[in-house]
Amino acid sequence: MIARASRLLTILTAAMLLPAALAAQKNATLRRAVDAYGSLEYGAAVSGAKAALRERLSAADQVRAYEILGFGYAALDSARQATEAFKQLLLLDPGRELDPTRISPKITSLFALALGQVLVVRQFALDSASFVAGRGDVPLRVAVTRAARVTVRLSGAGGDVDLGSALVDGGTTVRWNGLMANGLPAATGSYRAIVEASAGRERYDASFPLRVRAGAVDTVVHLTSLPGYSPMPETVVPPRSWRPFAIAGIAAAAIAGGTMALESTQLRGARRELSVGVGTTLVVGLLATAKRPAPVRAEANVRYNALLREQLARRNAEIAGENAQRRKQVMLTVLPLSQPAAGGAK
Amino acid sequence: MSRAARAALVAASLAIASVAGAQQLSVGLAAAGASYREQGSSLRFQGGGLAAHADVVWRRFGLRALVSRLGLEPEDGTRPTLERFDLTQADVALRARVVREFSVEAGFVRRAVAPADAAQEVGAARVGVVADYALAPGASLVARAGYLAGARFSGGGSAPLGADLALGASYGPGRGRIRGTADFEFQHFGRRTTTAGHRLDVPIQSTVLRLGVAFAR
Chain A
1 MIARASRLLT ILTAAMLLPA ALAAQKNATL RRAVDAYGSL EYGAAVSGAK
51 AALRERLSAA DQVRAYEILG FGYAALDSAR QATEAFKQLL LLDPGRELDP
101 TRISPKITSL FALALGQVLV VRQFALDSAS FVAGRGDVPL RVAVTRAARV
151 TVRLSGAGGD VDLGSALVDG GTTVRWNGLM ANGLPAATGS YRAIVEASAG
201 RERYDASFPL RVRAGAVDTV VHLTSLPGYS PMPETVVPPR SWRPFAIAGI
251 AAAAIAGGTM ALESTQLRGA RRELSVGVGT TLVVGLLATA KRPAPVRAEA
301 NVRYNALLRE QLARRNAEIA GENAQRRKQV MLTVLPLSQP AAGGAK
Chain B
347 MSRAARAALV AASLAIASVA GAQQLSVGLA AAGASYREQG SSLRFQGGGL
397 AAHADVVWRR FGLRALVSRL GLEPEDGTRP TLERFDLTQA DVALRARVVR
447 EFSVEAGFVR RAVAPADAAQ EVGAARVGVV ADYALAPGAS LVARAGYLAG
497 ARFSGGGSAP LGADLALGAS YGPGRGRIRG TADFEFQHFG RRTTTAGHRL
547 DVPIQSTVLR LGVAFAR
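Top line first, the protein sequences correspond to chains A and B. For the first sequence, position 281 (counting from the first letter as 1) is numbered 281 according to the numbering used here, and the numbering increases by one without interruption. Throughout, the numbering used here is defined as the position within the second sequence, counted from one, plus 346.
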């Protein structure tokens, strides 16, 4: 009784979770099988799916037919046939997943069993990336259903390159530095990442399209100033002082004293010119004292600015060297294309 | 020195300045007041006139040319033996800066008198020192002391001691391209003559005050 209830529950769950797309089959036989499965006539569903597979089906219909077959056999407790159907399903659609939270464990366990028995490249992931060829790289993640030797190579407009081979159990990440087998950066164009997995006599090949754009690497702009450092004023205006008046006074006193000392006692001097000359000099000294002083050279600032200019020149020389290197480099942009993977067992 | 020679001297100074790409050129015109004395209290003259100068500075070197034309009259007008005369003085000196504000200079001074026998004509070489201070933008001060060597007089005699002292100040608005100038100059020759085997001291002394305007480039 419990076994019957469990079987009924399995069938109901699977029937509920059949994708809505299953109801829109192009092939009439397949459509009848889907309908039979929906009506819990799993025997008819299995025979209908098998009959459909003998007909000419599209790839999508083939996948759906094997799915109905797998689900039907599972509902009929035919584990071996269900596993075989799921294996065929995986060979056609390696990325196929069943949601364990919504599908009966009975079906998912048979699906997992099939996964362990078939060798397919289950996942190929590539994120868009931009990098300098030969300097950066882009990761290509590959997952296989069971332990196998996995070889990845890239082929396309710019030639071929072997990205390596490794024994993989589960997933691995292969990195491509943007260079082709001839050592040159990849040219702009369409490429395919070809993944070959082999375990004993089993082999599985899959290819994934991607697009590569090659362009120039941006150069660095030359600096006009060092960030965080500003030039200092090379001249500063000193504070006002009495120095000009003092200098005028000293000079006037010296000349007046000298004049009186040199004057002949016989002739006596004409003091009028001397008085006016000395007086005018003192007035000029006073005016100069009141005037805004002339800027004077600030040696510390001059040295600081010279150091700043030297650093700036050195940095710009480094930038020029870096730009010379950059002009020789190629910037690659790698984009995965959404085209479905093509693959197959051999 | 003839008038033509003086003009040529000033023109040559300006030409040298322009050819050599002078760092600084200054020309000026001034009204002058002067006092001139000889021998003793009897020969005293005073008067005024005009003066013109040109200064050229090129790197560490400078050339100064000054020409004054003065009309001098006896201070004591009651003496019939004294007559009015015109005094023309040319003063040229080449200057070399030694340290920041101090220069040494060498040149000559030539004084001509008309009529010729009204006073002594003099020619002498000059060596001296000049202190030149920029007091403020547009304000400067010049103090000069010189030894007048090898003086020759139209009336004969010699002057073992000859000296001149000068004090000049200039001031102008802004950076002082146009400035008012004031120059005081004192000149003394300790002239000696020999009369009937006796040595006679007949000093010559002059003071000049020039007030004018100068244009600098």
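Keep in mind that the hints were calculated from the coordinates and are not lab data. Values in this document were obtained by computation on a predicted structure and should not be read as measured data. Note that beta-carbon positions come from the ideal geometry of N, C-alpha and C, so glycine has one too. Be careful, since some hints might not be right.
[Claimed, not checked] Okay, derived cross-link-like pairs now, DMTMM-like style, lysine to aspartate or glutamate, Cα gap no bigger than 25 Å in a straight line:
#	chain 1	residue 1	chain 2	residue 2
1	A	LYS291	B	ASP478
2	A	LYS50	A	ASP77
3	A	LYS291	B	GLU447
[Said to hold, decoys possible] These stretches of chain B come out as covered by chain A in the derived footprint (C-beta under 8 Å, 3 or more residues):
#	region
4	435-443
5	478-492
[Stated by the list, open to error] Some but not every residue of chain A turned toward chain B, in silico, with C-beta under 8 Å:
#	residue
6	ARG175
7	LEU179
8	MET180
9	PRO244
10	ALA251
11	ALA254
12	GLU263
13	GLN266
14	GLU273
15	THR281
16	LEU287
Exercise. So which of those numbered hints doesn't the model satisfy?
Worked result: 4, 6, 7 and 8
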